Amino acid sequence: MITVGITGRSGCGKSTVTACFAARGVPVADADQISRQVLQPGSPVLAQLAARFGGDILSGEGVLDRRLLADRAFATPEGKADLDAITHPAIVRRIEAARQAAQAAGSPLFVIDGAVLVGSVIDGIWDRLIVVTAPYEVSVARIVARDGIRPEMARRRLDAQLPEAALAARADFLLANDGTREQLHQKAEALAARLLAEAERGGGLPV
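Mind the numbering: the sequence shown is residues 157 to 363 in our numbering, read in order.
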């Protein structure tokens, strides 16, 4: 089974690409969603966080006060390191469990989708990396429309992320979303078909 990472900066159209793989029956692990799941009520991670950062970060119903946790965790480098040491293993375990389930089911491909893959705790877990790019102001407009925030906030969010060039340098496949949504969809469909065909043949993947 070939593991494929799909990433890109905010507003790049990454979800459109991932949807093309999912529509073909390829199992997908959403790393961003999993990162949120490990902080939901009932997760054993919350007890560890409360032990380290104070029981008052949880409400009586066990809901995490994310702002309070962030204030304490990011106050010192040690706090950030402890936060990562608690949350990252749980994220990795869930992704690995999903990957093993896909492999056991006989899937030729497995996709890990995430805005922050390069430089993360799961960096390199994939066999091939797809990076989706888009013009800066196009991404800004998409973020504004999607999240209902001001353009300056969207630009601040983009500027805080890894530069597009840094992502592109790691890419095995680069999909430029510089046209219409349909054009991106066609590029993604072609790449999904190519990767599936290669995986099903069990052959090497030309880059």
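Calculated directly from the structure, the hints in this document are not laboratory data. Note that the structure is a prediction, hence the values are computed from the model and not measured. Keep in mind that a hint or two might mislead.
[As the list claims (entries may be wrong)] In silico DMTMM-like cross-links for lysine to aspartate or glutamate, where the CA-CA straight-line distance does not exceed 20 Å:
#1 236 / 217
#2 343 / 315
#3 236 / 188
#4 236 / 252
#5 236 / 279
#6 343 / 354
#7 343 / 320
How the hints compare with the structure:
| no. | hint | in the structure |
| --- | --- | --- |
| 1 | 236 / 217 | violated (25 Å) |
| 2 | 343 / 315 | violated (27 Å) |
| 3 | 236 / 188 | holds (18 Å) |
| 4 | 236 / 252 | violated (24 Å) |
| 5 | 236 / 279 | holds (19 Å) |
| 6 | 343 / 354 | holds (17 Å) |
| 7 | 343 / 320 | holds (19 Å) |
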